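Colleague: Spelled out from the first residue to the last, the chains are:
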Amino acid sequence: MSVRRILVPTTVFASVAAIWWLAGRAGWTNAYLLPAPSAVVDALSELTASGILLKHTLVSLQRVLLGFALSVALALPLAVLMSTSRPCRAVLDPLLEFLRQVPPLALIPLLILWLGIGEAQKLGIIVLASFFPVFLGFRGGISGVDPKLIEVGRIAGLARREILWRIVLPSALPELVVGLRISLGYSWRALVGAELIASSAGLGYMIIDAENLARTDIVLAGILVIGAIGLLSDLLLRIAISRVFPWLSADLEAARA
Amino acid sequence: MSVRRILVPTTVFASVAAIWWLAGRAGWTNAYLLPAPSAVVDALSELTASGILLKHTLVSLQRVLLGFALSVALALPLAVLMSTSRPCRAVLDPLLEFLRQVPPLALIPLLILWLGIGEAQKLGIIVLASFFPVFLGFRGGISGVDPKLIEVGRIAGLARREILWRIVLPSALPELVVGLRISLGYSWRALVGAELIASSAGLGYMIIDAENLARTDIVLAGILVIGAIGLLSDLLLRIAISRVFPWLSADLEAARA
Amino acid sequence: MSRHYQVAGRTLSAVDGVTEHFPAGSITTIVGRSGCGKTTLLRLLAGLTEPSSGEVRRDPSDQVGVVFQEARLMPWLDVADNVAFPLIGRLDRGEVAARVEEALMLVGLAETRRALPVQLSGGMAQRVAIARALAQQPDILLLDEPFSALDAFTRRKLQRTLVDIWQARRRTVVLVTHDVEEAVLLGERVIEMETGRVVGRVAIDLPFPREATDPAVVDHRRNILARLVGGTDPLP
Amino acid sequence: MSRHYQVAGRTLSAVDGVTEHFPAGSITTIVGRSGCGKTTLLRLLAGLTEPSSGEVRRDPSDQVGVVFQEARLMPWLDVADNVAFPLIGRLDRGEVAARVEEALMLVGLAETRRALPVQLSGGMAQRVAIARALAQQPDILLLDEPFSALDAFTRRKLQRTLVDIWQARRRTVVLVTHDVEEAVLLGERVIEMETGRVVGRVAIDLPFPREATDPAVVDHRRNILARLVGGTDPLP
Amino acid sequence: ADPATLRVTYVTAPFNVPSIVERHEGILEVDFGAKGIKIERPEITSGAKQTEAIAAGAIDVASVLGGASAILAKANGVDIRVIAVYARSPKAFALMTRTDGPAALADLKGKKIAGPKGTTLHQLLVAALASAGLTINDVDYINMDLPTARAALLSGEIDVATLAGNNAIAVEKAGGKTLTTGEGLIHPTTVMAAAGEFIDAHPDLVEAYLAAHRKALDFLATKPDEALKIAAEEQKISIEDAKAQLPLYDFTPTLTDADVANLEADQTFMVDNGMLPKDRAIDIRKNLVAPIAFSTK
Ligand SMILES: Nc1ncnc2c1ncn2[C@@H]1O[C@H](COP(=O)(O)OP(=O)(O)OP(=O)(O)O)[C@@H](O)[C@H]1O
Ligand SMILES: Nc1ncnc2c1ncn2[C@@H]1O[C@H](COP(=O)(O)OP(=O)(O)OP(=O)(O)O)[C@@H](O)[C@H]1O
Ligand SMILES: [Mg+2]
Ligand SMILES: [Mg+2]
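Protein chains in written order, with this note's numbering: chain A, 1 to 257; chain B, 1001 to 1257; chain C, 2001 to 2236; chain D, 3001 to 3236; chain E, 4001 to 4297.
Note that these hints are calculated values from the structure, not bench results.
Bear in mind that the values here come from a model prediction, so they are computed numbers and not experimental data.
The beta carbon of each residue, even a glycine, is placed where N, CA and C say it ideally should be.
Just to be clear, a hint being listed does not mean it is correct.
With the C-beta cut set under 10 angstroms, the calculated list includes, among others, these residues of chain A facing chain D [unchecked claim]:
(1) G144
(2) D146
(3) A156
(4) I167
Chain E is nowhere near these chain A residues, computed Cβ spacing over 12 angstroms in every case [to be verified]:
(5) L7
(6) L95
(7) L110
(8) I117
(9) I163
(10) R166
(11) L196
(12) I208
(13) E211
(14) L236
Estimated spans, in silico, between C-beta atoms of each pair [claimed, not checked]:
(15) S3061/D with S1085/B: 57 to 67 angstroms
(16) A26/A with E4040/E: 42 to 52 angstroms
(17) L3206/D with E2095/C: 53 to 63 angstroms
(18) K4286/E with G118/A: 49 to 59 angstroms
(19) T2011/C with A240/A: 26 to 36 angstroms
(20) L1007/B with K4286/E: 45 to 55 angstroms
(21) S3061/D with A1069/B: 53 to 63 angstroms
(22) L61/A with K4111/E: 40 to 50 angstroms
(23) D2205/C with R3090/D: 51 to 61 angstroms
(24) S1085/B with A2216/C: 56 to 66 angstroms
(25) R4214/E with L61/A: 21 to 31 angstroms
(26) E4233/E with L61/A: 20 to 30 angstroms
(27) M2105/C with F3208/D: 35 to 45 angstroms
(28) T2011/C with A26/A: 18 to 28 angstroms
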């Protein structure tokens, strides 16, 4: 199983690379817009050798993890608050619902006003992109909790907080995990937008810069790196979750199995 | 209830506008980056009067709805396919997981290569932004279906397709709805990115253009319009869902109540 | 036929080397202590669980109906739609409605046809599940403690209903129960189980419908009970 | 005290003008047909449902324990953790473990402590729910058909266990059952319900433990059953 | 009191050799370090975003800003003023096409042309079309940023792109050709600008900044080969390409009356094309330019 888990995706990616190479050879694609795999590999190894790739990756990794952590740290209590308190919901719901629809790229001027052009602005973009899936996923999970189990908690004399921790959270976990995974994905996806302004490092910056310098091979290398790290971080997230909440792993397996 | 439903959000938004106005008067904010509400209202009424706003709105509305519909039309069968067929999962999962992490803005050169610079490219960006929440939400919903109910279907002699339609879909619906709502939101959010290139109409284009022309009042007007239409479309989606699946409305209410 | 489970790292034989023939058209009841494998045996018969070893042979064209130990209603369907659930798509509307009406009548829930599962009492939900299986009119009817949540009156009425239906249609019926009296009242044959094995088969050669007060019934009941309870008999 | 529900557009009185006193330290049983309002009454007593009119008065410091009609186990906790669930955070680890062990022993599931709820049979799950309530050692214990999924042997054993515990600790116990014999065996008083109303109260003045064969028990049982079943008696 | 840090945007495109040299040599660090002031150089290439950052007080000096961006920002209420010219470079802007594309400006009728609207390149296109007796309505003009326009041109999605800097070189290398440059058609001017508040509060720092810029220009004049090497490395292009680009730029910082006239022409263009409401138009000399711009050497 474990071997297949690695073998199958590897085969899949290898096949894609082969098709990509063939398409280039056969002249179906434009070599400028989609350079051959070999050119991308060259760019990658050059970037790796010079240490530039590592630098950009570390900067972006830190931004993504921080932004994602911020999103989660905001979303979880807010979801709980809004699921339990009617006045909070009445006030916050319209505002969040509004914000949820607005393109983060359109908000950049306001973000500059409020957060400046430093790290805070970049985190702001990532948070805007990744907040809602985990927030809405968790709220959905909370509203889907079996009220019969909550009654068990009430009878056991559990305080609200305990009911939350010991019944609602475990019950809502499968949906929360879906939300977390979508959010983490969107954190990575927000990188280019986040590093559009006033960056001098980061994979998003590297891609934008390469695009400005007409280096599509570097653009593609950046895409590959982000995709791969994203895959890896998703995997780590899933492993972490199945460590902390072992009874879920069956569920997660079912989702993949 | 119905009155409160309109009254409370209205009050909330009115308060925000009041704070915004006061902050401007008190000089806490920069009048260029955050023009006074009156300036935005002026811009809005001017855009409305000239018919420009309506034109942009209609173009964007069409793009968003088409892109969202495409996402849903792709995501639902794919989620079913991948939940039921192991080989499909083995092949598609790595590819989709990879794609899920990649910033759509970085893919623009490739999208131009594959989809050109016309409408298809814009829809492509919207689909990239909105595909995954509904896809992953539905898969999560499918994997959370009570196997006891599936057994009832098997005993009733239902075919796979029927089990899907009559047990899995209704059971997974609450999570699917969360996914749909997140997706619709991301469709709106993708507008600026989608209309970044080769557009001459659309609310995203209007915002970009206004920003380039230093017309922050129009940028804010655009944000307000997108937010408002997004809110409205979310409301319509919820109404449509509770019409088609009446037993869910209780759930939806619980989520908001 | 056997079925093993892995529980907390150990192997557990829920059903262990059972060989049993259920003749077509017969009505058999199964009794045994909690956890002895009755439900697992029924699931094997229904084809819901694969045997770890051995096999279940039956006419593949036979339709199977099951009343599960829990009600298992679709929460999004009302009572009537839950009963109609297995019929939709295989019978035309009129016939579905007629069968649903008849089944709800039999279980005494005609009044409640528009209630949702959350609005039902425990016994009502169980009766909806029974109605669903009856409306299906299956060739093989498997019932897992179908009357456990019912009061004496309702239970007795439904026992009679079941016997009536069986006598009229002569389908194969297997019923699991923890009520030995019920096993004797309903079974042509009572199978006794203990920790995964069949430990006794009692043919009950009495005409239907049977009365609980019939001395022969009382006799059978006492004997089976004595065996079930074992040496340390805490029961009458 | 009353409790009304809206079902499919009509108002239904699940409990309708019930005034009842449950003395501290007493054990009361409630019988009645399926859907007559037993569970609703118990939920009102437990404070899980607000009365539509009237009120429930009890010492607010009294701890309440409930065995629900369904097992209601946390699917992510194993048997022992489910039993420990109400105790965690209010007793220290050692005491929790001791109480869990004792309660699992009482319901005969000491061997199964590491199994997950999905791995339990119906009767086993019900016994875990009973163990959970017993381990809590509440001042008021409410049980809703707690033995319905159990075979005669296990049921009889647990009935005795319940009486023993009650005699030793003298807490207030209210038990809903559809088994009239059980009601007579366990209740100082049997309350008869019909469509939301209390229609009879029978004091059972017999010493504990009682035997089902005791003629006085048999007599009470016959009388209550006759009233329950009404004019058209289909029962012995 | 002096601020703790001076925040200057760093912009390398299209071919800003003085900025590249200045950072490489750390001239600002040396000059301002003496005053105890640190330097921050956020990279913000978009003109609109630079003026937003000025409005937000997030930067002090926009080191390279299109004249049009400065005018638009000022006209719409940003407190911004020009402190010097950065470069004049009509030849750096070009209309480009593929080898199989239209051969002359007159052939542009009905063609698909892409480039960033509202910029110098837009102006170039209008002027070029006018020289061939055409108007913008005779072509299919599509809004696009430079890298995208370049990509679209090379993938055959469009017939002509308006390009500058590296993007123009890249197209040339990929077999593209130049239809016309801006020479004789437009007078693109990039400027240095600062927040008005900053200019008023710290005139000495503005002077010091311009002095540092002068040092970079001197470096370029005295050691052109070294400067080109630095620039080529930073821009990831060959020395030959860099050498070819240098003559396209006039980096003299002093603002002349001709420059003011060119900026005024820019404003007129924007008003005429509906990019700036007429009632918001400003007096360039009075409102936009800080006096120091005329006197800087
Ligand atoms: N899915 C499962 N996984 C692991 N063990 C199981 C599973 N299902 C049943 N078992 C075990 O198999 C044994 C028999 O269970 P079964 O449900 O057949 O009992 P039963 O006779 O129906 O009991 P009851 O009268 O309590 O319903 C039990 O020990 C139970 O724990
Ligand atoms: N949440 C609810 N919403 C609407 N109606 C309800 C609800 N709960 C119970 N009822 C109705 O109230 C009546 C009494 O239900 P209750 O559960 O108290 O019956 P019961 O005596 O416990 O029956 P059983 O022996 O079958 O468990 C039933 O008609 C039932 O349909
Ligand atoms: Mg069972
Ligand atoms: Mg009940």
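Colleague: With reference to the structure, classify each hint as holding or not holding.
Modeller: Hint check:
no.	hint	result
1	G144	violated (14 angstroms)
2	D146	holds (8 angstroms)
3	A156	holds (3 angstroms)
4	I167	holds (7 angstroms)
5	L7	holds (36 angstroms)
6	L95	holds (23 angstroms)
7	L110	violated (9 angstroms)
8	I117	violated (4 angstroms)
9	I163	holds (45 angstroms)
10	R166	holds (46 angstroms)
11	L196	violated (8 angstroms)
12	I208	violated (9 angstroms)
13	E211	violated (4 angstroms)
14	L236	holds (31 angstroms)
15	S3061/D with S1085/B: 57 to 67 angstroms	holds (59 angstroms)
16	A26/A with E4040/E: 42 to 52 angstroms	holds (50 angstroms)
17	L3206/D with E2095/C: 53 to 63 angstroms	holds (55 angstroms)
18	K4286/E with G118/A: 49 to 59 angstroms	violated (35 angstroms)
19	T2011/C with A240/A: 26 to 36 angstroms	holds (31 angstroms)
20	L1007/B with K4286/E: 45 to 55 angstroms	holds (51 angstroms)
21	S3061/D with A1069/B: 53 to 63 angstroms	holds (59 angstroms)
22	L61/A with K4111/E: 40 to 50 angstroms	holds (45 angstroms)
23	D2205/C with R3090/D: 51 to 61 angstroms	holds (58 angstroms)
24	S1085/B with A2216/C: 56 to 66 angstroms	holds (57 angstroms)
25	R4214/E with L61/A: 21 to 31 angstroms	violated (41 angstroms)
26	E4233/E with L61/A: 20 to 30 angstroms	holds (27 angstroms)
27	M2105/C with F3208/D: 35 to 45 angstroms	holds (43 angstroms)
28	T2011/C with A26/A: 18 to 28 angstroms	violated (57 angstroms)
Of the numbered hints stated above, those contradicted by the structure are hints 1, 7, 8, 11, 12, 13, 18, 25 and 28, listed in ascending order.
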